[in-house]
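Q: Please build the complete structure, drawing on both the sequences and the hints.
Protein chains: 2
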Amino acid sequence: MEIKVIENVMQYNKQEAELNKNLLTKNNIFMINILSAPGAGKTSLILETIKELKELNDINIGVIEGDIASTFDSEKIKNLIDDVIQINTGGTCHLNASMIYKALEQMDLKKLNLIFIENVGNLICPVGFDLGENYRILISSVSEGDDKPIKYPKAFIKTDLIVLNKIDMIKNSDFNITFFENNVRKINSDVDILKLSCKTKDGFNQWINWVRDVLKR
Amino acid sequence: MEIKVIENVMQYNKQEAELNKNLLTKNNIFMINILSAPGAGKTSLILETIKELKELNDINIGVIEGDIASTFDSEKIKNLIDDVIQINTGGTCHLNASMIYKALEQMDLKKLNLIFIENVGNLICPVGFDLGENYRILISSVSEGDDKPIKYPKAFIKTDLIVLNKIDMIKNSDFNITFFENNVRKINSDVDILKLSCKTKDGFNQWINWVRDVLKR
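Going line by line, the protein sequences match chains A and B. The numbering of the first sequence is the working numbering, which starts it at 21 and goes up by one. The numbering of the second sequence is the working numbering, which starts it at 21 and goes up by one.
Calculated directly from the structure, the hints in this document are not laboratory data. The model shown is predicted, which means the values in this text are computed figures rather than measured ones. Heads up, some of the hints might be wrong.
Remember, identical chains collapse to one label, so a pair may be satisfied in a single copy or spanning two.
To be verified - Cut-off 20 angstroms, straight-line C-alpha distance, at most; resulting in silico cross-link-like pairs (EDC-like, lysine to aspartate or glutamate):
#, residue 1, residue 2
1, K96, D167
2, K74, D102
3, K131, D167
4, K74, D103
5, K96, D210
6, K221, E68
7, K219, D188
8, K174, D194
9, K122, D103
A: Put into structure tokens, the structure is as follows:
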């Protein structure tokens, strides 16, 4: 009986994700779902990306913020752009496609061409839930340690891009970048790994170019 | 129907947690359940604590390691002590009491008087699951940012002690310790907050004294 319930949940999520995909295609919007552990830098990546891109006339960004509680992150983003929707999940450890559909309904889709979803900070639960995104990004950070690909493999497998954030911390740490990359390669041989710091902006241009590039496709 | 299933799971976990409690009481063992986000320092805290305490004749430590995958952390601990049990949950985002019961069955309980459980790295799912522990500890780390009590309130409410790790990083960060503490106080007015660094050992003595103190009770 329990398995049956889980199957229904996943099946329902898949259908809702399809609805989101159709809505995005219809409105010519590219949606990026950002996953990470708590404190790895999802909000910082979104904030710094908006600052870099908002002056460009051809890019209009919206953000869907997923949190267990509070509007703490969405308030920071609201200072920069108008289309910010906060989803508070209560106790639920991930966003699902149906939550995203409700958020999309409240956004000015005609105006937007890029939506970032900040998922709930968690390296496990969000992995299985397709939100209808075009791309999924995993942020891992130097301060979490270089063993994360070993300990949370599914998050590193089911992603279209890995951003290794906080590389400014690498000099005072025992983070071994070769060890990290080798362990990623064992489970996901093709994925790109962008190394950057949202704080010092080292390597940030690669990320901005990546975003601009996917928008052109 | 879904709610019914969840009720059964929680009820079953509660019964299993009681079994664990009885087993621990019978064997005069104190068990500490450690929660945190990925990379906050659960394994480091356990390793450094074992190094400090293992020379003492009156303290015999066992460890139950919870991970989605791998034996990476338990191998490090196995270099220091014999009683280390690895639980790989597959995809499950938390340990439950029944997993702990199976681990306890494999440990030399007559020899031990202190067991650390390293829960799965996650600030959400493990919170609701009593494992039969005597104390629960939450580790938050400076590199995760000072907003975690706002964003993951239940983890900060349902704990007997908060360890703020990586305080050696505070000088090069924008972590505001007063902001962190004030937000903890709003939701958990009485909990102790120990500030330390497993790396530099700043403040580590307070933690060792805390452990020795709870063992005397």
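Q: Against this structure, judge whether each hint is valid.
A: To see whether the hints hold, each was checked on the structure:
| no. | hint | verdict |
| --- | --- | --- |
| 1 | K96 / D167 | between (31 angstroms within a copy, 12 angstroms between copies) |
| 2 | K74 / D102 | within (11 angstroms within a copy, 57 angstroms between copies) |
| 3 | K131 / D167 | neither (41 angstroms within a copy, 32 angstroms between copies) |
| 4 | K74 / D103 | within (13 angstroms within a copy, 56 angstroms between copies) |
| 5 | K96 / D210 | neither (34 angstroms within a copy, 30 angstroms between copies) |
| 6 | K221 / E68 | within (9 angstroms within a copy, 34 angstroms between copies) |
| 7 | K219 / D188 | both (8 angstroms within a copy, 18 angstroms between copies) |
| 8 | K174 / D194 | neither (24 angstroms within a copy, 32 angstroms between copies) |
| 9 | K122 / D103 | within (14 angstroms within a copy, 50 angstroms between copies) |
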